[in-house]
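Residue numbers (this note's numbering), protein chains in the order written: chain C, 23 to 513; chain E, 110 to 216; chain D, 209 to 427.
Accuracy of the hints is not assured; some may be wrong.
Just some of the chain D residues that point at chain C, by a computed CB distance under 8 Å [to be verified]:
1) 218
2) 223
3) 234
4) 266
5) 276
6) 352
7) 355
8) 356
9) 377
10) 378
Think of the hints as simulated: they come from the structure by calculation, not from any bench.
Model, not experiment: these values are computed from the prediction.
Every residue gets a Cβ at the ideal spot worked out from N, C-alpha and C, and that includes glycine.
Take a look at the letters that make up each chain.
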Amino acid sequence: MSQWLIAGLLFTPLAWAALSLLLGFRQGRWLSWLGMAIQMAVSLALWFAVMEGGGFYYALGGWNAPLGIALRVDGLAVTFVLLTAAVGTACGLHAGVYLDADKPWQRYFWPLFWFLWAGLNGVWLGADLFNLYVSLELISLSAVGLVALGGEAAALRAALRYLFAALLGSLAYLLGVALFYGRFGTLSLAVIDQLLVGGEPALIVALLLMLAGLALKTALFPLHAWLPPAHGIARSPVSALLSGLVIKASFYIAARLWMELGDRLGSPWLAQGMGVLGAAAVIWGSWLAFCQPHLKQVVAYSSVAQIGYLFLLFPLTFAVAEPVSLLAQQGITLQVISHALAKAAMFLAAGNLILSVRSNRVKALAGVSHFLPFSLFSFGLAGVSLMGLPPTGGFAAKWLLLQASLASGQWWWVVVLLLGGVLAAAYVFRIYRASFLEVSNSDDFYHPPQSLEAIPMILALLALGLGLVAEPVLSVLALPFEVVAAEAVHP
Amino acid sequence: MSLNLLYALAGVALCGIGLAGFLLLNHLLRRLLAFNLLGSGVFLVLVGLAQHGDGPDPVPQALVLTGIVVAIAATALAIVLIRRYFHLTGRTSLDTGNNAGDGGGES
Amino acid sequence: MGFVVALAAAVLGAAGAAAPSELSDQLQASLARSGVEHPVTAVLLNFRSYDTLLEIGVLVIAGMAGISLASTNALEDPALRSADSLLYALQRWFVPVMLLLAAYLLWAGADRPGGAFQAGAVLAATGVLMRLGGLPMAFIRPGILLRLGLVLGFAVFLLVAVAGALNGEAFLAYPVTIAGGLILIIEIGLTFSIGMILLALFVAAPVTDEHEPEEGGGL
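Just chain C, with the same shape it has in the complex (with noise of 0.2 Å):
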């Protein structure tokens, strides 16, 4: 059975891509409704599917890892992938209507759209390091295509920016791998995993490589300038997809990389150094969005900021005790799915307001109090969740990993923490107290159909229960790893 999940999850996105190439884009967009549809209930049985049975290795082709490609069907992976179908699907829907359907390069929103989505899901069922190399670049060459879409010159400049970063961030990624497979002839995590003995400093330099590359494709402080603008200027669905789903990609490929090689070829100065840039986004992330003139801009910043909390894994699992690295383990992957949901959330509904008031000043949001209290009210709700109050999933997450600093004695995490809090509490009241300004002579604002409206309420809704339902999606991550770790990886 979930053999047959698992060619549906790999091989709905690449057809549709391919299908919906040859399609305009009215009719790509029932297609796609389709394919999301798939996708979706796809992603749902083998999520069920593995909660029953455990985690499994998939050896694509029939070939067994190291010589072939195989898939790493855990926990972890199938809660994102049924991450991205709920983003992906989320921001689908919204694009369709969202979209101008007459411009004649929408058509290849369509394929780009679905060709990011078959790189997400390689990313995270990846276990070789060459094919999480090519997956990578699947994901970054169409989030470029999409920022680019439409070509105009500040797009294009954006997207430039955007693809240079990724591409060194790759090629960083990619002399690592090739380290590691000089020294151990095969690109299979799991096999390097068990080869790995100690830190030789030939594979502690391919480790900082590796991190380094996925850090700027992460954005993280201070390598994070090519995200505003790439974020800020996409159309919201394509912001959404990027900032919820593209950039925590490289991200978890990163902690992927740390939690099973980490405690050999990790130092406790590249730990704290590592939290303490994460620590460094968080602040400065929330002060930029917190000045920004431009209503997508204070989003795209806060996304810094929020990237930031993740990497507080390297410190919060290093050199600590089983339970307390399981509890900041469960409080990253927790700000994964609530940061994902939360600002896929933001961006669609700041794309309506933005739709409304016909401008993407944060002044010019001035009474749209009154006509839009639906999309202003989903921004709200996700800012809740950014800002980390209960019951909410940033709650959860923040709980955890404040639970584990406070448990490893690295108490000043806890400081970030809270500042993070306040801060991100600032600049979302700031878009509220623009919105809420009276003006008199406001009464030419557009409405957006009511679809658009329903969609970033749905999230924003599914970020807040996120905290709620924290304990049974934890346990199901918990559980596989330990299933998959016991089983033989190879013939």
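Fit chains E and D to the known structure of chain C by using the hints.
Then chains E and D, alone, in the frame of chain C:
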């Protein structure tokens, strides 16, 4: 020192040149060329480092073929973007100083 | 500079400690079941075919981006064309030879260096030469036919991949008996599409000065 190792070290040198060019050059085409140089360096390291013991190892050669196609695709995409960017703005670099209307969403 | 030194040290360190891998032995042992004799082709199109499938996807993305937003003047601008009779005569010789070379490279991939990408590159070069020489090539227009050509190889590959899964085996698994034939079919499709993509990136540049207004009208 074997011949293959020499290739790998030449790859390291290429990586250094490519990285320096990538970070220091502003002209978009030159930066793209530097990216290709860096890519070639990485591929040389990958192939050169992996050939130990008995006979050539075909796996890194296949990896590099895949890598080259990906690099070609990325280069082609970059050239398409650069050409259109040049067509619209007449600029060959991303540095614009404080020109209005060119920052991300600042128009 | 420090980067180069550290990297060189890492390369030497990794080479010095290199562990003999079992991968080569496994590869030699499985080569007979792969359907081709050349190990690189076997790795590319059978053992690690998922990489190649995604790689062609990356190439399709680039081709797609090429025809979607290259709004500058096409490289095959009439001004660039040459009406030289000598070139024309040479072309009549070159084009068939190059097509033959592409076909040879495609066929050779099974047991010696060669393969779909090399053949596709030669095919694209032939197209570029014909285009620069002013031969009419009406099919290179961003219409349905060009898009079909772009994805054909990818689609063929994908169909073979999913056929393996429908057959009850893994995604991308080929039955051993017909693996050679399937790989050849994939390679023919890929050669055609790679040629089309590279050629499209060179020539198919629709001139549109229409562009998307910034979100929110940029006020």
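These are the hints, each one checked on the structure:
1. 218: holds, 4 Å
2. 223: Check passed: Cβ of residue 223 of chain D comes within 6 Å of chain C, closer than 8 Å.
3. 234: holds, 5 Å
4. 266: Holds, about 5 Å.
5. 276: Given a least distance of 4 Å, the restraint on residue 276 of chain D holds.
6. 352: Nearest chain C Cβ about 7 Å off; hint holds.
7. 355: Check passed: Cβ of residue 355 of chain D comes within 5 Å of chain C, closer than 8 Å.
8. 356: Status holds, d = 6 Å.
9. 377: holds, 6 Å
10. 378: holds, 5 Å
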